[in-house]
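Chemist: Work the whole structure out from these sequences, hints included.
Going down the list, the protein sequences come from chains A and B.
Reading the first sequence from the start, the letters are residues 26 to 300 in this note's numbering.
Reading the second sequence from the start, the letters are residues 26 to 300 in this note's numbering.
If you are wondering where the hints come from, they were derived from the structure by calculation, not from laboratory data.
Worth double-checking, as some hints may not be accurate.
[Claimed, not checked] Derived coverage of chain B by chain A (criterion: at least 3 residues anywhere in the stretch with Cβ under 8 angstroms from a Cβ of chain A; other residues may be distant): (1) 130–144; (2) 201–210; (3) 223–233; (4) 240–248; (5) 251–260; (6) 285–292.
[Said to hold, decoys possible] Far from chain B, by Cβ distances over 12 angstroms, these chain A residues were calculated: (7) A47; (8) L50; (9) G77; (10) L103; (11) G128; (12) G185; (13) D223; (14) A224; (15) R256; (16) V259.
Cβ atoms here follow ideal geometry from the backbone N, Cα and C, with glycine treated the same way.
There are 2 protein chains.
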Amino acid sequence: MKVLLLVGTGLIGGSFALAARASGLFDRIVGIDSNPDALDTARALGIVDGGGQSFEPTAVCIATPVSRIAECVADAALRYPGTPIFDVGSVKATVVDVLRASGRVPSDFVPCHPIAGSETVGASAARADLFQGRSVIITPVDETDPGAVAKVESWWRQVGAAVTLADPHSHDRIVAATSHLPHLVAFALMELLHEFDDANLSAYIGDGFRDLSRIAASDPTIWSDILQENREAVLRLADQLAARLTIDEDKAALKHRVASARGMRVGLDEGPDYS
Amino acid sequence: MKVLLLVGTGLIGGSFALAARASGLFDRIVGIDSNPDALDTARALGIVDGGGQSFEPTAVCIATPVSRIAECVADAALRYPGTPIFDVGSVKATVVDVLRASGRVPSDFVPCHPIAGSETVGASAARADLFQGRSVIITPVDETDPGAVAKVESWWRQVGAAVTLADPHSHDRIVAATSHLPHLVAFALMELLHEFDDANLSAYIGDGFRDLSRIAASDPTIWSDILQENREAVLRLADQLAARLTIDEDKAALKHRVASARGMRVGLDEGPDYS
Chain A
26 MKVLLLVGTG LIGGSFALAA RASGLFDRIV GIDSNPDALD TARALGIVDG GGQSFEPTAV
86 CIATPVSRIA ECVADAALRY PGTPIFDVGS VKATVVDVLR ASGRVPSDFV PCHPIAGSET
146 VGASAARADL FQGRSVIITP VDETDPGAVA KVESWWRQVG AAVTLADPHS HDRIVAATSH
206 LPHLVAFALM ELLHEFDDAN LSAYIGDGFR DLSRIAASDP TIWSDILQEN REAVLRLADQ
266 LAARLTIDED KAALKHRVAS ARGMRVGLDE GPDYS
Chain B
26 MKVLLLVGTG LIGGSFALAA RASGLFDRIV GIDSNPDALD TARALGIVDG GGQSFEPTAV
86 CIATPVSRIA ECVADAALRY PGTPIFDVGS VKATVVDVLR ASGRVPSDFV PCHPIAGSET
146 VGASAARADL FQGRSVIITP VDETDPGAVA KVESWWRQVG AAVTLADPHS HDRIVAATSH
206 LPHLVAFALM ELLHEFDDAN LSAYIGDGFR DLSRIAASDP TIWSDILQEN REAVLRLADQ
266 LAARLTIDED KAALKHRVAS ARGMRVGLDE GPDYS
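Modeler: Now the structure itself:
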């Protein structure tokens, strides 16, 4: 019997469990969550199975907030030697750094970051198709067993994702630009808006602001963790962003800048398709 | 015969023409555009009627980039005295300031800003339902004739919009936060991303970044104009935003900040519905 041990039964972990079950990767899914309500929800939704029987996991998925990943990985490596352990966190270098500082990076640990999610929160928002056509970044380090990487990679592919390999530090620098700083900006824009004391404020909110600020509704526990763990890269980029919040006095120069940004954004939609 | 003179046959002007025709507000729509190709497109799409016959407009809609609105309003007021003239620009105070400095603000001029649009460009993206359930801000000044306001207000309502009255300076300060600074941020985030020299960059782009950066694909002519016309308010807010791009070291404080931003964003979706 193939058993997945899911540590953290929220949106991402719950979605992996649903997707893995639908793909026949595991016969049983055992859930653990520090929040008993979250675990109850995941059980009620059939995302994880009931407890009771003993088990020997085939894989361990760590889907906790990033500040808890290192300790969960170390714990799983002690309990289940030889079993592939992977996480789904948005920050990769600090986890490896903490493990290395505390003694060793388990060879069975495969750091993963699925580029998928939602501003909705918890297992009730989990979806079996969350990773379909999405990208997963895997950031193995020197200590990582290639056999474990191959297994974890194959699971992601079987739930519909495309896998890209990267080194953890490059990953963290890039996601600071594509995800972490954008979230911080969205939070800060909401704060600015809140300072306007105007009864008709909502009349000024259009689709552009709604789309841009959607990620401001993300999970506070998850996101305060991510920002702190990738603090240095995010703050360095924030300075670079602030320096670019200028409006050229020269019309042609400003129009050129906007046209260039437009070209890059249009190019995003013409990029590779992972589906 | 009721005739709408549409000056500027792009996305917003074209959409008003389509919506007004569908609502039976005008029998004929005459288009003017400094770009002959844009006018040809609008004609080919049936957004404006063929030229030739003389006409006496019932209304003039100025849907040019904001830097050209004041001169178009002054011109229309000279040619068609007693005819309501309204614009659809995103910046309101500078237009009135320019008109006042040049002699007078025509009493028939009703400054309008529909909070609707798209990152698509030109008449081919025009839609008859663009204003359905949307908000339009009207910013009359001392010189404005209340009778003209009443007519323009009624046209917006008949194409499905909800009208809110505001003073031009308040309008410009608020849209700096809800629209102009967000656009500048989206342009700047695209620029930052462009600096990453990584072949796998697209693997890191998720829905959050796509949603947030969608407005970076907006029309460069329109948006370089808007940013310059509302420069002072946007740059003041940009400084305030930059000052908020911090990451609290205290976990509880940061989590509280994110939770508060999340609460505000969730509140936006629970705001008044204009449809």
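Chemist: Does each hint hold? Answer for all of them.
Modeler: Status of the hints after comparison with the structure:
no.	hint	verdict
1	130–144	holds (count 5)
2	201–210	holds (count 8)
3	223–233	holds (count 10)
4	240–248	holds (count 8)
5	251–260	holds (count 5)
6	285–292	holds (count 6)
7	A47	21 angstroms, holds
8	L50	22 angstroms, holds
9	G77	35 angstroms, holds
10	L103	26 angstroms, holds
11	G128	25 angstroms, holds
12	G185	15 angstroms, holds
13	D223	6 angstroms, violated
14	A224	10 angstroms, violated
15	R256	5 angstroms, violated
16	V259	6 angstroms, violated
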